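Chemist: Can you build the whole structure from these sequences, using the hints too?
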Amino acid sequence: MSFWEVTVFLFDGFLISLLIFGVTLLCGAPLGLPIAFCSMSKYKVVRNTSKVIVWIVRGVPLMLQIFIIYYVPGLLFQFPLFSKVDQFFFLNWGISDAGRIMAVLIAFTLNYACYFSEIYRGGIESIPKGQYEAGYVLGLTKSQIFRKIILKQVIQRIVPPMSNEIITLIKDTALANCIIVCEIIKQAKELAATKAMVWPLFYTGVFYLIFVGLLTIVLGRLEKKLSYFRS
Amino acid sequence: MALLTVENIKKSFGKTEVLKGITFSLEKGEVLSIIGSSGSGKTTLLRCLNFLETPQMGCITVNGETLFDAADSRTLSEAAIRLNRLHFGLVFQQFNLFPQYTVKQNITLAEELLAKEHIKKTGSYCGHTDYHEAVAAIDKKADGLLEEVGLSDKRDNYPCQLSGGQQQRVAIARALAMEPDILCFDEPTSALDPELTGEVLRVIRELKKAGRTMIIVTHEMEFARDVSDTVMFMDGGVVAEMGPPEQVIGNPQNSRTKEFLSRFNER
Numbered sequence: 036m037s038f039w040e041v042t043v044f045l046f047d048g049f050l051i052s053l054l055i056f057g058v059t060l061l062c063g064a065p066l067g068l069p070i071a072f073c074s075m076s077k078y079k080v081v082r083n084t085s086k087v088i089v090w091i092v093r094g095v096p097l098m099l100q101i102f103i104i105y106y107v108p109g110l111l112f113q114f115p116l117f118s119k120v121d122q123f124f125f126l127n128w129g130i131s132d133a134g135r136i137m138a139v140l141i142a143f144t145l146n147y148a149c150y151f152s153e154i155y156r157g158g159i160e161s162i163p164k165g166q167y168e169a170g171y172v173l174g175l176t177k178s179q180i181f182r183k184i185i186l187k188q189v190i191q192r193i194v195p196p197m198s199n200e201i202i203t204l205i206k207d208t209a210l211a212n213c214i215i216v217c218e219i220i221k222q223a224k225e226l227a228a229t230k231a232m233v234w235p236l237f238y239t240g241v242f243y244l245i246f247v248g249l250l251t252i253v254l255g256r257l258e259k260k261l262s263y264f265r266s
Numbered sequence: 106m107a108l109l110t111v112e113n114i115k116k117s118f119g120k121t122e123v124l125k126g127i128t129f130s131l132e133k134g135e136v137l138s139i140i141g142s143s144g145s146g147k148t149t150l151l152r153c154l155n156f157l158e159t160p161q162m163g164c165i166t167v168n169g170e171t172l173f174d175a176a177d178s179r180t181l182s183e184a185a186i187r188l189n190r191l192h193f194g195l196v197f198q199q200f201n202l203f204p205q206y207t208v209k210q211n212i213t214l215a216e217e218l219l220a221k222e223h224i225k226k227t228g229s230y231c232g233h234t235d236y237h238e239a240v241a242a243i244d245k246k247a248d249g250l251l252e253e254v255g256l257s258d259k260r261d262n263y264p265c266q267l268s269g270g271q272q273q274r275v276a277i278a279r280a281l282a283m284e285p286d287i288l289c290f291d292e293p294t295s296a297l298d299p300e301l302t303g304e305v306l307r308v309i310r311e312l313k314k315a316g317r318t319m320i321i322v323t324h325e326m327e328f329a330r331d332v333s334d335t336v337m338f339m340d341g342g343v344v345a346e347m348g349p350p351e352q353v354i355g356n357p358q359n360s361r362t363k364e365f366l367s368r369f370n371e372r
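Residue numbers (this note's numbering), protein chains in the order written: chain Y, 36 to 266; chain C, 106 to 372.
Treat the hints with care, since some could be wrong.
Heads up, simulated DSBU-like pairs for lysine-lysine below, C-alpha to C-alpha not over 30 angstroms straight-line [stated by the list, open to error]:
no., chain 1, residue 1, chain 2, residue 2
1, Y, Lys187, C, Lys133
2, C, Lys225, Y, Lys177
3, C, Lys226, Y, Lys183
4, Y, Lys260, Y, Lys206
5, Y, Lys183, C, Lys225
Source of the hints: derived by calculation from the structure; they are not laboratory data. Please read these numbers as outputs of a predicted model, since none were measured by experiment.
Modeler: Below, the structure is given as structure tokens:
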């Protein structure tokens, strides 16, 4: 296999990594917000439930969570949901891995939503009470205060920790290969096993580096764009 | 009839009783200064007037309209509390400007939201049926207010680009924009460097000349004596002494007032 062929082969895998990255970010980031609000709820039951969920999700290795999501429907309900989806997609459209990718997406979204929720919570709680009170005495409603005054300050404050988490996310996608999803590292291992080529495994690092480089630039710009005010 | 009547306001936090029955009234155009040591309940009183705290007892009336009555068991809706709040303006010790908005936007934000809501609900706001027309009028008013506090040239700056004194003047303009009946100040110069207090006090003096009704919690005795029609000395959650400044600051009758002022003069 030529260098170019290896690159294309690995890039196929990296597309799966990017898919996991994109869906997790797109679904996990909004999902984190209701979790954050639950963690700050004035109702003890809601607050504690949310905190226990966050504790479990952050306390268990992500790889284990992928296994749990993937195997539990089959083990507990005798209904191996994700392998069925796998088969269904393969038989109908010739697409492989669909069910397993789905399991990975669910596990990642849940996991990252919990991490994001804690970042949001920290951001929201760091806004001084005086900002709310200034809104109240001007006759604003609670929701106007949140949308018009608090939100942007929170966004400004959470961009650095979110950037950190987002950069971790692209590297975490490698965990998908624990249930044989063909992301980039799985592809490289495939080459090692079938073609006795080890160097592609190390070459995968370049893909991550380039992508993280791009992310750093984009997120850095966002941070700079929001730095026109100081709260 | 008095513009504001406050009757027997009591407020406790847990077991600590902070306000033990405050009663006073205020005429239109009158300036009341509240002095007293920290922990005497001055700030809590202002916060009760602005509905940031709910008293357990008492009654607040503005222009003959009862805004709050603890004896009334109905809880006020959020909308009613909002309307009540607009009778009062509050200038905070820490300014609390909105950092992401320019000086002008800080002043216009609340009224623009109010105008939008009114036009949506009733079809008009202050005679304007078109939102953009209303915004233009609000903008014009903001420019007038900025001139009043001497900050026309800072219109498009962000709060972080201003000095403390300038920020506080913006906060005053912001409070005035909602046209409150009574403007309250919570130690407006306590967070400022001494050389910056002058510009804020000057603005407040101008407001008095313009006939604004104001309640000022302050530690600036000279200023209080100079600007107020009435001075209230609070001690341990009660009004210990109240009267014209020449009496309360110049010739206090109450022993606690005497003690407080002599401690003050030692500094």
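Chemist: The structure should be examined with respect to each hint, and the outcome stated for every one.
Modeler: For each hint, the structure was consulted:
no., hint, result
1, Y:Lys187 <-> C:Lys133, "39 angstroms, violated"
2, C:Lys225 <-> Y:Lys177, "19 angstroms, holds"
3, C:Lys226 <-> Y:Lys183, "20 angstroms, holds"
4, Y:Lys260 <-> Y:Lys206, "26 angstroms, holds"
5, Y:Lys183 <-> C:Lys225, "18 angstroms, holds"
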